[in-house]
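*Asks:* Chain by chain, the residues run as shown.
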Amino acid sequence: MISPIRTELTVTDNVPFGQPEPGLGGTHRYYALTLERPAWKNWEPGQFIMLRPKDGGTVEWARPLTICRVTSQSLVLFFRVASEYGTDRFARLRGGDKVIVWGPLGTGFEIRSNTPTLLLARDAGIAPFAGYADMHPDPACLSMLFGHQHPSSHYPADAMASRLDMEHLRDRVPGDCEEFYRVSARKMQEYKENGGICLACGPMDFLYGVWKKALELELPTQLLLSARMNCGVGACLGCSTITSKHWPDPIRAGLPVHTCTSGPVFWARDIDLDAVMPERNM
Amino acid sequence: MDLRVSLVEGILELKNPILSAAGSFGSGLEYQPYGDITQLGGIITNGLSLYPCAGSPLPRIAAAPAGLLSSVGTQNDGAEYFIREVLPRLPWQSVPIIPNINAGRVEEFSELAGLLAAEEGVTALEVNLSCHNSNRAGQRFCQNPVTAARAINAVKRFAGNKPVIAKLSPEIMDIVEVARAVEAAGADAISCIGKVQGLAVDVRGRRPVLGNVTGGLSGPAVKPIALRCVWQIAQVVKIPVIGVGGITCARDVLEFLLVGAHAVSVGSASFSDPETIFRIVQELPAVCEEYGIEDIKAFRGSLQI
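Quick note, the sequences are listed as chains R and A, same order. Throughout the first sequence, residue numbering follows the numbering used here, covering 1 to 282 in sequence. Throughout the second sequence, residue numbering follows the numbering used here, covering 283 to 587 in sequence.
These are computed hints drawn from the structure, not numbers from a lab. Think of the CB as a built atom: it goes at the ideal place given N, C-alpha and C, for glycine as much as any other residue. Honestly, I wouldn't trust all of these hints.
Derived CB-CB ranges, DEER-like [as the list claims (entries may be wrong)]:
#1 A:Q314 to R:I251: 21 to 31 Å
#2 A:V518 to R:N42: 53 to 63 Å
#3 A:S416 to R:N42: 41 to 51 Å
#4 R:T10 to A:R366: 27 to 37 Å
#5 A:S416 to R:R163: 51 to 61 Å
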C-alpha cells in the first residue's frame, strides 16, 4: 500500500477542453488541471487524490479526482464539471492558485506485461488510462475502446492515440450509446478468447454492464467505480460497495467495503453490483 | 498553557478539549497518515451497533451551502468486530477511546454497553439518542425525556465504571428538559448537537439526491444551533457538556467554551482537510493567547449576557 501524504500544491495550468456549453452558464464541461508534482515516492494508475482550493474558506469540501498522468514535473487531472458545490470550483482555478491535495489514494489498475489488455472508457472515464499507457511496460498490448457523448475535442483522446491503439465510438443519435455497449461486449468476448484482461472506467450504468458481461464470460476484469466519494480515507462511509463471495478476505465477503480505500479499482468477480445497484437488477 | 480537561475525575481525563466526532473520523486509524491521533483529547469513533449493519442506500452524501448532508445509516461491522479487529490497533493507552453506540431498543443499548465497557481499551461510551426507538413507532429516543432517560439508565447499568455521554439532537421541543432527564438518569456528560435533518433535491432528475431521501446536516451551517443548545444546557446541568457542530478552527473551539462547553468534538471539517483536527490542537494555545485567555477553566461559560 502506498502511504498518502497531504500537501499544498500550486496550479500550473487549467485547460478547458471542447466548446463552452450554454447549459453550464457558458463554461466548459471538461478540464485538464495541471498541478506541480507532489513529492510522491510512487503511485498507480487508477488511484485518485482529494483536492480542494486552499483559499476557499472554511466551508470548502474536497472532491476526489482520478489521477490522469504524473510526469517528472506535474500531476495532471482530467475532470468533468458535474456539481454545484464541487467540480465547478475547480473549473475556476488558474495558474498560481494554491490547492490542498491528499493522496495518492485507493487501489490502482493491474499492469500485466505480455497480456492483451482491453481498456474500456466512457466519457471522463478516459482519464486514468493516460497514466496507464505511460506506465505500461508493453503498450503494444493495449487497445482502447472509447465511447463518448461529445466531440473528441472534449477529451484528451488525441494525445493518448499516439501511445496506444484506440477506437472511438461517439453517440450521435439515440441508440448509439447502446451500440457502444454492444461493441464493448463483443470485444470482451475476443479478449476472453485471447487470454486477455479488461479494465473499465466510466459512469456506473456503463460499469454495471461491463460487470455483468465480465462475470458471464469469466474474463478477468477490473472496474474503477465512480461512486460518490467524500473523505477519501474511509471515515465518512459515504461510498460503499458490497463484496461478493469471492472477496479475498472471507470475513468480509458479502459485506460493505469502502470504495475509497478498498477500491476504487475492484476485480469484477470480487464485488456484487446487483447489491450496490438493486434498481438495475429488477 | 494547561489545556487539560477533566470530564469525569480520574476516569475521563483529556489532555486537551478537542475530540473527534462520531461519523467523521472513522475509528481514528484512518487519519493516522495525517497526524498523531494520540495528541487528541479523545477519539469518539463512528457509530457502532450490536450487529453488523449495511447502512443506507447510495448516494449517502450531498454537499450543501456551508454544510454536508449525509445519511449513512450507521453502516458498521458490529461491536464484536470492533472489539476483535479495531480496538487492539488503536492507541488506547495514550488517548481515550469512546465508541458511539446505536440501538433501536433499550435492551440493545444495555447489551452494547456491557460488551464494550468490559474492554480495557474503551474509556467511555457515547450514546446516540437520535436513534429510532423501534418500540415507539420509530420515534427517536431523545424526542421524549422519558425514553431518553431509559436508554441512558440502561447503558449506565451495564457500563460499570465507564462514563456515559448522552448525545442529544436539537430537533426536539425542549432540549433542556431532555438534558435534565439524562442527567438524572446518570449520564456523566452530554454532547450536543447531533445532525439536523435536511433534504437535497435534484431539479433535473426531480428526485432526492440521497438514497435515503433525507439526511443529517452538519458543518458550519449548524454551528449557531449547536452554540445555542450548549449555552442553554450548560446553564442547567452540573455535568460537563461537549459541543459538536461546525467546528473548523481554534476560534470555534473558544466559542463553544465561552458558552459553557468543557470540550468539543470536531466533525465534518475533517472531510475538508484531514489535518484540520490536528491543526486545531496545535493552534489552540496561540489562539487562546491572542484572545487573552490564560486559563480555559476560568474562561469556560464566561459569556456575558
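*Asks:* Is the gap between the beta carbons of A:Q314 and R:I251 within 21 to 31 Å?
*Replies:* 22 Å, holds
*Asks:* Using the C-beta atoms of A:S416 and R:R163, is the stated range 51 to 61 Å upheld?
*Replies:* 58 Å, holds
*Asks:* CB of A:V518 to CB of R:N42, is that within 53 to 63 Å?
*Replies:* 56 Å, holds
*Asks:* Do the beta carbons of A:S416 and R:N42 sit within 41 to 51 Å of each other?
*Replies:* Hint holds: Cβ distance 49 Å, inside 41 to 51 Å.
*Asks:* Between R:T10 and A:R366, does the beta-carbon spacing fit 27 to 37 Å?
*Replies:* Check failed, 45 Å falls outside 27 to 37 Å.
In this structure, only the earlier hint numbered 4 is contradicted, and the remaining ones agree with it.
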